[in-house]
Amino acid sequence: MSLVGLIAQADERGLAASGLACLDRCVPLLGGDDEILRPLWGSLTEDSEAADWGELLEQVRGKLASTAEEGDEAELLARRMLAAAPDDRSAAGIRVWADACSVASLQIHRLLDPAEDATSVASRREGRTEGMPPLAAAELRRQVTVLEVLAGHGAGGLRRALEVSTEGRRVLRAVVSRRARGRK
Numbered sequence: 001m002s003l004v005g006l007i008a009q010a011d012e013r014g015l016a017a018s019g020l021a022c023l024d025r026c027v028p029l030l031g032g033d034d035e036i037l038r039p040l041w042g043s044l045t046e047d048s049e050a051a052d053w054g055e056l057l058e059q060v061r062g063k064l065a066s067t068a069e070e071g072d073e074a075e076l077l078a079r080r081m082l083a084a085a086p087d088d089r090s091a092a093g094i095r096v097w098a099d100a101c102s103v104a105s106l107q108i109h110r111l112l113d114p115a116e117d118a119t120s121v122a123s124r125r126e127g128r129t130e131g132m133p134p135l136a137a138a139e140l141r142r143q144v145t146v147l148e149v150l151a152g153h154g155a156g157g158l159r160r161a162l163e164v165s166t167e168g169r170r171v172l173r174a175v176v177s178r179r180a181r182g183r184k
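Counted the way the working numbering counts, the sequence shown spans residues 1 to 184.
These are calculated hints, taken from the structure and not from any lab test. Just so we're clear, the structure is a prediction, and the values are computed from it rather than from any experiment. Careful: at least some of the hints might be erroneous.
Each pair of labels, with its calculated beta carbon distance range [claimed, not checked]: (1) Gly154 <-> Gly131: 33 to 41 Å; (2) Asp11 <-> Ala115: 30 to 38 Å; (3) Ala155 <-> Gly71: 30 to 38 Å; (4) Ala180 <-> Asp87: 30 to 38 Å; (5) Ala115 <-> Ser2: 20 to 28 Å; (6) Glu35 <-> Ala174: 12 to 20 Å.
Idealized CB from N, CA, C, for every residue including glycine.
Let the hints inform the model, and build the full structure from the sequences given.
Pasting the structure below:
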């Protein structure tokens, strides 16, 4: 099933985890550490209250606040993902956010990949992956994996979704680090 189809079928928890995973993988662009989003991940467990989401989100925004009005396109996309996160984890708002995060994260990975990709992000999300640059292709696989794991295991799949996200964050952190060294 395409990424678009998986998002369309995801429940509230799956959508929240999907958007959060995209944001989590892009945290290196925001200057956050590996644990910055951990409380939000914890709010997705069966034992947590959905109402905690908004309060925890505000704390994360405060910690990742930037006074910079400028940045490169990848950083600005990551900042928009965080800013657009709904304070309420209801299905309607979270669905729009998860979909937007999917697009933004794929675009970020395309921007950071030195290989050119003339195919639209929308086509990639619909399953047209032939010739896709490696960094963006890996991000697409991670997004699909997160949604499939959560669809198949519910809250029990959160650990695997977090592992997938952590792997992607490490990859992006290395890319961002190499890029910063190249600018000096």
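Okay, the hints, checked on the actual structure:
1. Restraint check, Gly154 to Gly131: a C-beta distance of roughly 35 Å satisfies the suggested window 33 to 41 Å.
2. Between Asp11 and Ala115 the beta carbons are some 35 Å apart, a value that agrees with the proposed interval 30 to 38 Å.
3. Checked against the hint of 30 to 38 Å, the C-beta distance between Ala155 and Gly71 comes to roughly 35 Å, which is consistent with it.
4. With their beta carbons about 33 Å apart, Ala180 and Asp87 fall inside the hinted range of 30 to 38 Å.
5. The hint said 20 to 28 Å for the Cβ distance between Ala115 and Ser2, and at roughly 22 Å that hint holds.
6. For Glu35 and Ala174, the hinted distance range of 12 to 20 Å is satisfied, since their beta carbons lie about 18 Å from each other.
In terms of the numbered hints stated before, the structure departs from none.
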